[in-house]
Amino acid sequence: MTAPLDVSGSAAEAHPESVLVGAGKAIQGRSLTRIAWMRLRRDKIALGGGVVVVLLILVAVFSSPIISLFGHPPLEFHQDQIDQNTLLPKGTFGGMGAEHLLGVEPVNGRDVFSRIVAGAWISLLIGFLATIVSVIIGTVMGVVAGYFGGWVDQIIGRIMDVFLAFPLLVFAIALVGVMPNEGFGLEGDGLRIAMLIFIIGFFSWPSIGRIVRGQTLSLREREFVDAARSLGARHGYILFREVLPNLMAPILVYATLLIPTNILFEAALSFLGVGINPPTPTWGGMLSEAVRFYTLPHFVLFPGLAIFITVLAFNLFGDGLRDAFDPRAH
Amino acid sequence: MVTYIIRRLIGAVAMLIVISMVTFGIFFVVPQWAGATPEALASRYVGRAATPETVALIAERLGFNDPVVVQYGRFVKGLVAGAEYDYGAGVEQCPAPCFGYSFISGQPVWPDLVDRMPVTFSLAIGAAILWVLAGISVGVLSALRRGSFFDRLSMGTALAGVSLPIFFTGMISLVVFSYGLGWTPPGGAWTDFTVNPAQWAYNLLLPWITLAFLFAATYARLTRAGMLETMGEDYIRTARAKGLRENQVVVRHGLRAALTPLLTLFGIDFGLLIGGAVLTETTYTLPGLGQFAILAIRNQDLPQVMGVVLVAAGFVVVASLVVDLLYAVVDPRVRLS
Amino acid sequence: MANTALTQTYNPSTKKGGTLKAAHSADWDSLDPADTYYGYSFNFGRYYWRTLTTYKTGAGPDGNTVVPDLAEGLGQPSPDGKTWTYKIKSGLKFEDGSPITAKDVAYAVARSFDKETFPHGPSYLNELLDWPKDFKGVYKTPDVDYKSAVEATDDTTVVFHLKKPFASMDYVVQMPMTAPVPKDKDTGAKYKEKVVSSGPYKFETNEIGKRFTLVRNDQWDPATDPNRPALPDRIEVQLNVNADDLDNQLISGSIQLDIPGTGMQPAALGKVLPDPALKARTDNPTIPRLWYVSVIPENKPLDNIACRKAVMWAADRVANQTAFGGPVAGGEIATNVMPPPIVGQEKFDLYATPENKGDVEKAKQALAECGQPNGFATTMTFRSDRPREKALAEAMQQALARVGIKLTLKGFPSAAYFSDYAGNVNYVKENGIGLATHGWGSDWPDGYGFMQAIVDSRTIRDAGNYNLSVKNPEVDKLIDQASAELDATARAKLWVEVDKKVMEDASILPVVWAKSLLMRGKGVTNLAYNEGQSMYDYVLLGVE
Amino acid sequence: MNFLDVKDLKIHFPTDDGLVRSVDGLSFGLERGKTLGIVGESGSGKSVTSLGILGLHKGGRARLSGEIWLDGEELIGASSEHVRRLRGKKMAMIFQDPLSSMHPFYTVGHQIIEAYRIHNDVSKQVARKHAIDMLGRVGIPEPARRVDSYPHEFSGGMRQRAMIAMALSCDPELLIADEPTTALDVTVQAQILDLMRDLQREFNSALIIITHDLGVVAELSDDILVMYGGKCVEYGTTEDIFYRPEHPYTWGLLGSMPRLDREPTERLLPIKGSPPSLINVPPGCAFHPRCPYAERTKGKADTEVPALAETEGGHLVRCHLDRAERQSLWENEIKPVLETQ
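Residue numbers (this note's numbering), protein chains in the order written: chain Y, 1 to 330; chain V, 1 to 337; chain S, 1 to 544; chain Z, 1 to 341.
Please note: incorrect hints may appear among the correct ones.
What the hints assert, rightly or not - Only pairs whose alpha carbons sit at most 20 Å apart, straight line, appear in this in silico SDA-like list of lysine to any residue:
#1 S/140 / V/156
#2 S/133 / V/56
#3 Y/44 / V/156
#4 S/56 / S/170
#5 S/190 / V/82
#6 S/357 / Y/84
#7 Z/335 / Z/255
#8 S/190 / V/91
It is worth saying that the hints were derived from the structure and are not from the lab. Quantities reported herein were computed from a predicted structural model and do not represent experimental measurements.
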């Protein structure tokens, strides 16, 4: 938040904008993106979140080399590390050490570090792509509702209400539970991931939809849209050339904030046992196994921390982004 | 006002119909795409080593041989007019609203749901009280001391709070406080309020706090944002200019306006929660509606799934209606028409 | 000492009184004797029902044999093995004081026929007895006389008429379908809410899905019942208790009995096994249950026996055992189908490999023989809500990868596993399912009781199959031969033959003969492991 | 000593971007029964000044210095609590936008009653009668009924009347009206201004009217203070400002006055550019970047801050130009343009 004058509200007369405009020449003429970037650069915490996000993406993208450097293949068994009777890792702290950085899993002795690194890939992939699905559906629905208004808006509003009233998690579980294992030319993990992306994305669009609708409503009343309309521009032209470009900033901001929500959604589904099929590692899936082995701190903590750090980083970055684009929306 | 309520109720019923159709579709149409026959569906619900004759009998009895539309119609009829259940030695009436009989237990669904409501209600109400109190007070204090150490600390904690999945915090809390320190009861502990209120509260303490922490984080963030916005409003300046004491300015003029938009959110959150706190109940193995829903889905017990989904959706619908009515009371600018 | 209760009665006592506190981590399928099919339910039910015969109580190999309960002696077969007659004792009474007669037993058997009302119960008698064509159960066709199947020829004689000779009738009638039900108190599917007791205890309260309590039934006459000492005054049962919490309560002593008796959760194992004091309180029997992988010959290339053998050779039995819980909590590495507690079982190993870790060379040879020298790809199913089956699938995937067999793993919910997926003929064919995780426990400890349901190809139907892999006419022929053989020793030999045929066919990959790690409750007296029940003998228990 | 004396008032806000000097050395005085108009563009510091007088910056981030004497009491050094007691009773304020300045959730009556009861220990019934009375006095028809209406149920003019009623409910001796008519229709504007004049006479209070529009203060004010960049650039009687203005900025303001005979957007003497940044105040005369006559100072305007100098009879001007030159510019160049038509 960089609004210069915010004196617990009492100096509201000295409005931030007047100062910004007055501070004048330096800032005038710069695009909203540039201003946002300037604000963001000053927000150390958000930048920290952003750096972690970038690191996580790098980890996910380069998971294979990282694993081959520091760990073992995530599916490889190391039952020599396991006590045959209790099925728990023989070593202290879950077998943590140079060989297995974060210890090994009970029963089969798979390397926890490698599985967490490999899990990053799934979490981020689903988080990102599901968000894209939500953004596409949400933007189309929001723009259509906001731009055309009237009964179209009414119907879309009702649909959003239905989604809000849905016990979504229960529903998603039911849906994933009865889904077939082949289809759309995909099978196995590929189909499963595609399905999770679609289901999570499909259930998360109303939040974006509402925001886009609101923004479109206000954009529709602006002069430049009026001007374009009075010049006889077609709906398509106005939507794509006038409305959508102006929606990019809010969409970007709320998409960033939706990613962590979707990552949590995926983790919850995996936790409840309806995520990706084993043995492909996911953080939620690891946590659900940890329930049975709750006495092993390394097995409970590391996947949980992985989720926490990822979600927190996205939240920090998204919050900063939002403040940068619209300080008063906070 | 009355017409508004009636209109909203009609809308709510329409919404529930849509939800019930979609649920029904998921459980009947999707498996049929996958090639399930009535016998295959029926064989889910019989004991092991059932003969083909048994399976055919069960398929007939559960009505799987009828078209989906007829099956759905029967479900709706049961809801509206009640249904009859042949228990062998006689026929039992299941009065409306009859959500049918569980395929697995053969018991009517509704009493089972009613049975589990107190658990979820207790969980939701207790947690709601905690998170509203904690979230709002922290949010208000943060807003008033903006930029202070308290503000940074509490907002940092809140952001961490919204980033922690409840099945992780729940598990950690159980491991530490129940299995480690032995301060709190283990997962699954539940005592009815009417049996022993102290034990009831003691058993729910950990789930309450964990669940409340998650929501309190969100509410603290929103309260703070709302407070900051409100305290910058012109009417707050007016109130100060009148010579009103600062605490009265905050409470009478600031808080009321800042919290009103939270009412809607609270309605939906609370409505969703009393329909089943799936993750919390799973983590703490509490025998509430959320756990019921998960078990029903695992067992593919359609009448139970339909029952719990509709009840849950019904709660949200009712909660949002109540909230909208309350909103009109709180904010005189809102007209119900 | 660990394992004491396997061979002798631990802490023997005849002291009466006290309350036995028991808990269950889930719920009963039903408390109705006609509608239940769990071992613990058969075991526990004897508190409130009596059947024609019952397993001999107590520890040791005798526990596998049946002794009379309601009946005065074991069943009398007719020379052709198609009629079995049981004489019941006199002076028996229901909890309301009314006498128990042969009619009540016959009625109970007849009512259990109605699988629409009682879908959970076993259907052996439905298939074995010669029911009239027009009989649809005592509720739908109350006027049809069912005496062609079961009849009470007088107050003390029950006669069963079978469709074909059957040797193991004494084992079948120890199941609760023969527990008497008074016709005038029968409320069909609602009977489970108020079961009329014929045993030493009766229901005081019964909140379905939550808890129930049993108290003494003063109409039960101990003189008629040498099997049940009936020590506690009261038995309290909690249902749907958190499994981890249940273990902890059992360890700490706040409950004394874990009703399902299938062993402890991993967290408790990690606590109990390393602790000598706690370990001393455990018993670790092998139970008549096999965990196995069906190797389904339905799809290519597993229709070729050499490819199935490649799977046998490639599997890492130690990894499989670990996946299933290790040698203590999981079980003994299984080398053939029939588990050791089955009467007449013989252990043999057609696919012995060094250290049981599999033999890559032999597997590759078999693959070459099958025409798939580089391996092949197939799919393995498991029940997603069962962590051990999941671990087994993962272990199989790792082991088979060594020889180039690529497994895709697919988990399904238990509820629909047999109906829609692994037991559904079309699904298996269309989705190229090659391997499927299964488990099977015997209903009684002889070859028929264990094998028939999982190796007889004639039981295969469209959906809901437990067996899809063993489809061998020779096996079927041997089964018929064994069923009709009235000589016990010869019969046992025939079942071993069946076992060998199946293993030669390489259509079942045995994983473990299950063992359960049972913990004796604190303050429990007179405790013994019963082989027939594969659990502690519940009716013997007393409390200090 | 005047009833109100403001001496060298400075109100600064430290921000991430630097120190914002919203008000930078402002002095003026005002007697009971007199009216002062403070005129300037938005951002010139006029509203910050009024909030400063009311003590509404206390507790915030603002840094205040200088002296504010109200009826013999110094306010900047006084405790917040003391100033709070004076607020609403001794000094009251009317805000620009009556809709946003009244709490939307409370009835108009409730808000007036609240204002009255803060400073008067009376029962609710008494306060309510007083509120109805006040509403009647500001010209609201059927006050007994309208007292229970919510602000959004009033028209804009009515709301402003209600706002005035609220401000006057405790007979304040100093009344500050911040752009009291900006949000209103032109016809309503006149009514409100009339009302304020009448009420001021009735209550004999000192009145400060803050506006960007000289037209608003023309008839009402005794004196006028022109602010630019946080400083006073010209001060004088209304006659001084309208007939003998000496600061080029004042000329610009006069030229910007909307007149009934012209389009509202038409300006005679537009002031080019935008108001100065309060962080990086231009060196020298704050107005010089926009001043058409700046070059006549031979560079002085760029470097040296002009002093506020008295010309005659209390007329103060802050300008580097000679007085003679200013007078001649006014007479020869500006006045003729303003008087066209």
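Would the pair residue 190 of chain S and residue 91 of chain V pass a check requiring their Cα atoms to be no farther apart than 20 Å?
-> Since the Cα atoms of residue 190 of chain S and residue 91 of chain V sit roughly 10 Å apart, the hinted pair holds (cutoff 20 Å).
Sort out whether residue 255 of chain Z lies within 20 Å of residue 335 of chain Z, counting only the CA atoms.
-> 10 Å, holds
Are the Cα positions of residue 133 of chain S and residue 56 of chain V separated by 20 Å at most?
-> Between residue 133 of chain S and residue 56 of chain V the Cα gap is close to 16 Å, so the pair holds against 20 Å.
Taking only the CA atoms, is the gap from residue 44 of chain Y to residue 156 of chain V under or equal to 20 Å?
-> 13 Å, holds
Restraint check for residue 56 of chain S with residue 170 of chain S, where alpha carbons must lie at most 20 Å apart = Satisfied, since the Cα-Cα distance of roughly 12 Å is no more than 20 Å.
Does residue 190 of chain S pair with residue 82 of chain V here, judged by a C-alpha cut-off of 20 Å?
-> 19 Å, holds
For the pair supplied as a hint, residue 357 of chain S and residue 84 of chain Y, is the alpha-carbon distance within the 20 Å limit?
-> 14 Å, holds
Would the pair residue 140 of chain S and residue 156 of chain V pass a check requiring their Cα atoms to be no farther apart than 20 Å?
-> The given pair, whose Cα atoms are some 68 Å apart, is violated under the 20 Å limit.
The structure fails hint 1 only (numbered hints given earlier).
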